[in-house]
Amino acid sequence: MSGVLVVQEAGRNRISFEALAAGRVLANLTGLSLETAAAGDPNADIFIETSGLPPATAYVVQHPLLQNYTSDGYVLAFEQLIRTLQPSYIVFPHTYRVRDFVPCLAARFGQVLIGDVTAIKTGPSFSRHLFQGKMNATYHHQGDGPCFVSVQAGAFRHDPPTAGKFTIYHFVPEISANEIRTRPGQPFRASSQTVDLASAPLIVSVGRGIKDAENIPLVQELATALGAELTASRPICDNGWMPLERQVGSSGQTVAPKLYLAVGISGAIQHLVGMKGSQCVVAINKDPNAPIFEIADYGIVGDLFEVVPALTEAVKAAKQ
Amino acid sequence: MKIIVAIKQVPESDAQVRIDAAGKWIEEADLQFALNESDAYALEEALQLTEKHGGEVIVVSAGPERVGTTIREALAKGADRGLQIVCDDLGTRDALGVARLLAAAIKPENPDLILTGLQSEDLGLGQTGVIVAELLGLPHATLILHVEMTETGLTVKRELEEGWFQTIDLPMPAVLTIQSGGNKLRYATLMGIKRAKTKEVRILTAEELGVDSTPVIVLERVELPQKQKCTQILGGTAKEAAAALVEKLKFEARVL
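Respectively, the protein sequence lines represent chains A and B. When the letters of the first sequence are read in order and numbered with this note's numbering, they come out as residues 1 to 320. When the letters of the second sequence are read in order and numbered with this note's numbering, they come out as residues 1001 to 1256.
So that you can see chain B by itself, here it is in the shape it has in the complex (with noise of 0.2 Å):
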């Protein structure tokens, strides 16, 4: 079995990001970035899946060169190989725009199975892999926790809000995307990360992919959020705020 998963590289969760001077973006200088969540899910699924029925597993990302260490991670944690599409534009480009940049580099490759995350840390529009299905004209599944292979094709299991889950089948080949929590992520060991140095990663240009780039949805500035309530800030010390904040939630707020 074939199966490629589509990986994102994003700041890291915890980092603090500042909006650039352009106010278009954000400043990416002294940032640390890191495998989006999901997409890690997703390649434990798929590292999960080759190991109980046997094949290969393809990571595929787009971006600028700074991705190429996230793919190396993804083949430290024993991917067989990574496609690598170099392009410095992809925050101009839509959802649509990444999407045929990975159905593109994707096709060739005829995979049984394509899996991603559901959504990404920083953009989190979750729309990526469902437009990939579209144009690779394959049937779908979002936000799925389990994945058991059928002789007819696949039983997934797919969350829904509120508590409530439900199970779908579908043909192979078909695109996941993957809810986190599903499994436990592996981390890569020591002889993964000298084995990833070894194995092969192609690198694509958006150029050679012949995608068209032309965004029907433009971001046109990026601020900082308008706080809804006026937060008290209580300060001093640790004991200084615990005790302010006692204060408060007695005689203010009256919850105590």
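Only chain A is shown next, with the shape it has when bound in the complex (with noise of 0.2 Å):
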């Protein structure tokens, strides 16, 4: 048979269910069948809350050394599933997983992964990010053999499940434990993880337009004068200029204040996807081009070290 198959992820739900979405797009333009598989348990939430949803079946992927997550086993669970069910598209959602083992997949079918896709439309053709989001692309894929697919954390809405007819069929694949070379340890959290930003109300956030450590009090007065937390993009965290903690993007704390005051972020994807559901987004950035524009609310063209300061007295003029 040839199909749709959306590979989901169990505990990314969200986005997995995003990625079903994206493969209902994908089977309405191709006209293909859609099906749906993951590695797990078959009572884990990811196939009941599924179970409302088209399509009809799921494949259970099962098996003891699927337990903890490796490449290794995903790799070759997946290799049999694709080889047994022979999609012709496979769509996952991207997730740091689906990062790690996919590219793997996809080259033991001469293919490659288009990732982190954003729309998908006739063609079928596929947008992607490039240049850190200030560019979008469109891709297709040509040749025979399965095409991949991975979709970005909302970039496709997915519809509430309602009741409906469900039916999982198990796939145990064959894999030995000597496939397995990578051994991995239970994770675990920085315990310095001690600043809740999630219900923080206003938000200024510094990126890498601050170029330097001693410019952070200038937008540390601005937080202050707007009663605001001050946060920072990942390359502000890296240089040790601000604490991980106070991090907000994709490997650090998800935001969604009342205001979320941007000075000096370009708006990477990576960062984008812990602020986005902010209420209003202010963007202070010299680069009219730069991604943070197409998501702000309010946005100020130019240089940060005039705009901040002139900012910070504004605020200060307006609460007296």
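All the given hints hold, so there is nothing to weed out.
Think about it this way: if two alpha-carbon atoms lie no more than 30 Å apart in a straight line, the pair counts; the simulated DSBU-like pairs of lysine-lysine are: (1) K1248(B) <-> K1229(B); (2) K319(A) <-> K1250(B); (3) K1248(B) <-> K286(A); (4) K121(A) <-> K276(A); (5) K1248(B) <-> K211(A); (6) K1197(B) <-> K1107(B); (7) K258(A) <-> K316(A); (8) K1229(B) <-> K121(A); (9) K211(A) <-> K1184(B); (10) K258(A) <-> K276(A); (11) K1229(B) <-> K211(A); (12) K1250(B) <-> K258(A); (13) K316(A) <-> K1250(B); (14) K1229(B) <-> K319(A); (15) K316(A) <-> K1239(B); (16) K316(A) <-> K286(A); (17) K1107(B) <-> K1052(B); (18) K286(A) <-> K1024(B); (19) K316(A) <-> K1229(B); (20) K276(A) <-> K1239(B); (21) K1052(B) <-> K1199(B); (22) K276(A) <-> K1250(B); (23) K258(A) <-> K1239(B); (24) K1229(B) <-> K1024(B); (25) K121(A) <-> K1024(B); (26) K1248(B) <-> K258(A); (27) K1229(B) <-> K1239(B); (28) K1239(B) <-> K1250(B); (29) K1002(B) <-> K1107(B); (30) K1248(B) <-> K316(A); (31) K1157(B) <-> K1052(B); (32) K211(A) <-> K316(A); (33) K319(A) <-> K1248(B); (34) K1194(B) <-> K211(A).
It should be emphasised that the hints constitute simulated quantities derived from the structure, not laboratory data.
Dock chain one against chain two, each of which comes alone in its own frame, and use the hints as you go.
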């Protein structure tokens, strides 16, 4: 058979359902059937929650060696599933795990993952960002063989489940312990994670545009004047200019304040996923084409070293 | 220990990129290029490992001739020698095509460890290192912040989502893709820059590596992204814009 297979990730339900929505777009465009699969326990809520959504078929990929994720285990298991089902398209959520094993899996079929896709259109053609969001690119797949796609978090809207009939098939791949070359440890959290930014109503966030650690007080003054928390994008924390627990983005915290004021942040997708739920976004950046302006409600194009002190004064004046 | 670091030359992160006339790539003529950021962290990790345990660091990079300057930069920071795969069609090769070039250049070196950044700042595919591992039949780990040698191989610290981490044990040889921020990056010293001039950079071509370049993924066109929101740009002097913004936040958005 030939269809669209959506591979979901238990524990990453939201983005998995978005992948399912993307799979549905692809199935509608191509007229192919839609099926879903995930590794893990058939009682996991990923299957229970999926049960109300078409497709009506799910493959539970089960094996004791898949209990802890390893790239080797997952590549072997899904290679066998794909060879059995022979789908034309395989759609994944673009998670860290997918980034870890799907490039290998695709290479086994002589294929390349079209990763981090934001839209699927007729053709089918696939859109994704280039240059950290400054450009959009359209790709297509050519030649025989399955097409591997992963979709970006938040790019496809998933529908709420409704009651429906659902069939689960069990798929037990052949894997032996000596084929698993890596030994993963249990996930842990950095102990210093003490600042809870998720509930902060006002946030001033600083990025690469600040240029130097000694300029941080400039944005701190603005944050203080507003009564806001000060956060940062990844490069600032990588440089040690701000503590790691104040990092916003896919590898840091996810925030949704009333006001998110981005200072000198270009808006790479890894940052945007951590803050795009904000009610009102303000961007101050010298580059009018910075992707942050795509999601900003208000923008000031200019030199932050002039704009930020002026804004601090204006905020202070307004509060008097 | 022999460590290979695969690096990429990309447009500088604050470069204002413009789409080329054909709408298929960007205008490269007046762009400044730099070492891809996470590749810089991969190089730093390799240099620190060989400082601690001894050995050799070899950088490999594919692309047009200008890539040579980025290889020299890596040599100036302390890498011992370079392999430059000269090809002018890097843009039309897909990740598998590029990984095949790198794997073909790396294989005869028989390294103990291959490091690269987790993704490039231009294409952002984040796949090349993982595919190189697959092509060479080696185990891999991605998004690595810290590498430690053990008696049996390596213990690495891997970043997971939302502030979580895990450690992974794996045997050598192996491929690791390095996340930014695990180490502090060094600058090239004057002495380093001087020494780099005498270090060996071997030139290889795609033809002599015998690698097929037919892509399965084709980049059709490049466009400016469409705005998701209608952004109100506040103009005037810094002072005027700041005053207008406070007004808007107070009375229009009502968030102050």
